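Asks: Now for the letters of each chain:
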Amino acid sequence: MALDKNQIAKRIAKEVKDGYYVNLGIGIPTLVANFVREDISVEFQSENGVLGMGPFPFEGEEDADIINAGKQTITTLPGASFFDSAFSFGMIRSQKVDLTILGAMEVAENGDIANWKIPGKMVKGMGGAMDLVASAENIIVAMMHVNKAGESKLLKRCSLPLTGVGCVKKIVTELAVLEVTSEGFKLLETAPGVTVEEVKNATEGTLIIEGDIPEMILD
Amino acid sequence: MIKRTVKNVSEALQGIESGMTIMLGGFGLCGIPENSIAELVNKKVTNLTCISNNAGVDDFGLGLLLQNRQIKKMISSYVGENAEFERQMLSGELEVELTPQGTLAEKCRAAQAGIPAFFTPAGFGTEVAEGKETREFNGKMHVMELAFKADFSIVKAWKGDEAGNLIFKGTARNFNAVMAGAAKITIAEVEELVPAGTLDPNEIHIPGIMVNRIFQGATFEKRIEQRTTRKRA
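Going down the list, the sequences are from chains A and B.
The numbers in my numbering rise by one with no breaks, and the one at position 160 of the first sequence is 166.
The numbers in my numbering rise by one with no breaks, and the one at position 179 of the second sequence is 796.
FYI, nobody ran anything at the bench for these hints, they're computed from the structure.
Only a predicted model underlies this, so the values are computations on that prediction, with no experimental measurement involved.
Misleading hints may appear alongside valid ones.
[Said to hold, decoys possible] Restraint ranges, calculated between C-beta atoms of paired labels, are given here:
# : chain 1 : residue 1 : chain 2 : residue 2 : range
1 : B       : PHE754    : A       : GLY126    : 33 to 39 Å
2 : B       : MET618    : A       : ASN144    : 45 to 51 Å
3 : A       : LYS154    : B       : GLU820    : 50 to 56 Å
4 : A       : ARG163    : B       : MET758    : 16 to 22 Å
[Unchecked claim] Dumping the calculated DSBU-like pairs for lysine-lysine here, alpha-carbon to alpha-carbon at most 35 Å:
#  : chain 1 : residue 1 : chain 2 : residue 2
5  : B       : LYS786    : A       : LYS123
6  : A       : LYS123    : B       : LYS689
7  : B       : LYS776    : A       : LYS176
8  : B       : LYS749    : A       : LYS11
9  : B       : LYS757    : A       : LYS192
10 : A       : LYS176    : B       : LYS839
11 : A       : LYS130    : B       : LYS848
12 : A       : LYS130    : B       : LYS776
13 : B       : LYS749    : A       : LYS130
14 : A       : LYS11     : B       : LYS848
15 : A       : LYS175    : B       : LYS757
16 : A       : LYS130    : B       : LYS660
17 : B       : LYS757    : A       : LYS23
18 : B       : LYS848    : A       : LYS154
19 : B       : LYS848    : A       : LYS16
20 : A       : LYS130    : B       : LYS786
21 : B       : LYS839    : A       : LYS123
22 : A       : LYS123    : B       : LYS690
23 : A       : LYS102    : B       : LYS689
24 : B       : LYS776    : A       : LYS123
[What the hints assert, rightly or not] To list a few chain B residues with every Cβ distance to chain A over 12 Å, as calculated:
#  : residue
25 : ASN625
26 : ASN671
27 : GLY814
Cβ atoms here follow ideal geometry from the backbone N, Cα and C, with glycine treated the same way.
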């Protein structure tokens, strides 16, 4: 069975290690915070200027001045701090943020990513994504393996305007966990009940399969 | 003490004319100078170039200026959440320069800090870098970006004093702190204006030298764009 969005987030949460400062993008990445182990220390950064983000506020306690980059009302946890936008991207560029998790429309086998524009159709802007992918050392992409028409989104070359070049390290989709290597997408794990053959059929880019591929462990 | 106070929003915005370039602080609707935006609507100035991370929503923030066709060009990083914006952009009525958010912030900060240009890795290899100088530093490619040149910068702060010193609250600091002092004239609207000496100098985020005109906004709606909550257990 292919994973749902929460299960993708749950699998990615396993990549979050003790002592990490983490930036979460909008969409599936935001859900990752719900599945991070409670026995480790992690701080979430939001590029609009907060470190130490907490859960949504209780009803009636929303503060218009405390939001995340998705413009959602949030709370802060003990140890949190606020800063301006230039400072926020300073800590991203200088690689103080250990892990960046974001969504994508397409990823290429060389690690290129496209997630900000569909020419003639959708132009919302890149927000902070270009800064994040150009600077982060450790980038995990949460995405669907195929689009609604069944076409692969893991390609030899991206067809959409790029957000960044050669930057994606790891991808978690509804079908698999993959690593971007110099030879192409290396299959690390398959979703429970998903065959290697299914992953192969859903991947347009070069897929490297070495030995037995383990099934993802979600719990 | 040098006093930076002006009576009200209309005095604060004196000198803003059609065709000018204006920076406006805020992220989404958080920390936007709402009183000044309302006054820009009243002034009916047109052909504005606005530098702002976002473009508001249809009926609030910069969306109000868009509805009146007062904006010629927007320089932003993210412009979703605004149907009128999308319509004007796709029809070609509105010019849009999309800029990576960190680059946008640094172009403000560079102007504020008197630095004409800088190199950033953001956007290398993408259409953002087209026509720009690129250079390798420490084995990595970077794109040269220029400091903004704006006529006015309009920021919003939580507290300010007569000397123009500013303190922001929460994530409303965002672009406000980097736009203060980044244009020829900086206007600050604050929720609470206090006499000089009231604010602790240790806690000032932006010193008054960066602010030419300060006033207390008459009203603040402080609209929430995405009200997300959790239930009490």
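Asks: If a hint holds in the structure, say so; if it does not, say that too.
Replies: Okay, the hints, checked on the actual structure:
The hinted range of 33 to 39 Å is satisfied by PHE754/B and GLY126/A, whose Cβ atoms lie roughly 36 Å apart. The given range of 45 to 51 Å is respected by MET618/B and ASN144/A, whose C-beta atoms sit roughly 49 Å from each other. Roughly 52 Å separates the CB atoms of LYS154/A and GLU820/B, a value that falls within the hinted 50 to 56 Å. The supplied range of 16 to 22 Å is met by ARG163/A and MET758/B, whose beta-carbon atoms lie about 19 Å from each other.
In summary, the hint linking LYS786/B to LYS123/A is supported, as the alpha carbons are separated by about 33 Å, within the 35 Å threshold. Taken as a hint, the LYS123/A and LYS689/B pair is honoured in the structure, with Cα atoms around 22 Å apart against an allowance of 35 Å. The hinted pair formed by LYS776/B and LYS176/A fails the criterion: a straight-line CA distance of about 44 Å is larger than 35 Å. Between LYS749/B and LYS11/A, the direct Cα distance comes to roughly 39 Å. Violation of the 35 Å bound is thereby established for this hinted pair.
Between LYS757/B and LYS192/A the alpha-carbon distance is near 25 Å, which keeps this suggested pair within the 35 Å criterion. The suggested pairing of LYS176/A with LYS839/B is violated, with an alpha-carbon distance near 39 Å, which exceeds 35 Å. Pair hint LYS130/A plus LYS848/B holds up; C-alpha atoms about 32 Å apart against a cutoff of 35 Å. Distance check on the hinted pair: LYS130/A and LYS776/B sit about 33 Å apart at the alpha-carbon level, within 35 Å; holds.
For the hint pairing LYS749/B with LYS130/A, the CA-to-CA distance comes to about 22 Å; that is within 35 Å, so the pair holds. With a CA separation close to 22 Å, the supplied pair LYS11/A and LYS848/B stays within the 35 Å bound. A C-alpha spacing of about 17 Å is found between LYS175/A and LYS757/B, which places the hinted pair at or below 35 Å, so the restraint holds. Using a Cα cut-off of 35 Å, the hinted pair LYS130/A and LYS660/B holds, with the two alpha carbons roughly 29 Å apart.
A hinted pair counts as satisfied when its Cα atoms are at most 35 Å apart, and LYS757/B with LYS23/A qualifies at roughly 27 Å. For a cut-off of 35 Å, the pair hint linking LYS848/B to LYS154/A stands: about 34 Å separates their Cα positions. Restraint check for LYS848/B and LYS16/A: satisfied, since their Cα atoms lie roughly 22 Å apart, inside the 35 Å limit. For the hint pairing LYS130/A with LYS786/B, the CA-to-CA distance comes to about 28 Å; that is within 35 Å, so the pair holds.
This hinted pair checks out: LYS839/B and LYS123/A have alpha carbons roughly 30 Å apart, not beyond 35 Å. A distance of roughly 19 Å separates the Cα atoms of LYS123/A and LYS690/B; the hinted pair therefore holds under the 35 Å criterion. As the CA atoms of LYS102/A and LYS689/B are separated by approximately 38 Å, the hinted pair breaks the 35 Å bound. For the suggested pair LYS776/B and LYS123/A, the alpha carbons sit about 39 Å apart, so the restraint of at most 35 Å is broken.
At the 12 Å boundary, the C-beta of ASN625/B stays outside the reach of chain A, the nearest C-beta of that chain being 23 Å off. For ASN671/B, the condition that its CB be more than 12 Å from all CB atoms of chain A is violated, with the nearest at approximately 9 Å. Taking the minimum C-beta to C-beta distance to chain A, about 25 Å, the non-interface status of GLY814/B holds against the 12 Å cut.
Checked against the numbered hints given earlier, the structure breaks hints 7, 8, 10, 23, 24, 26 and satisfies all the rest.
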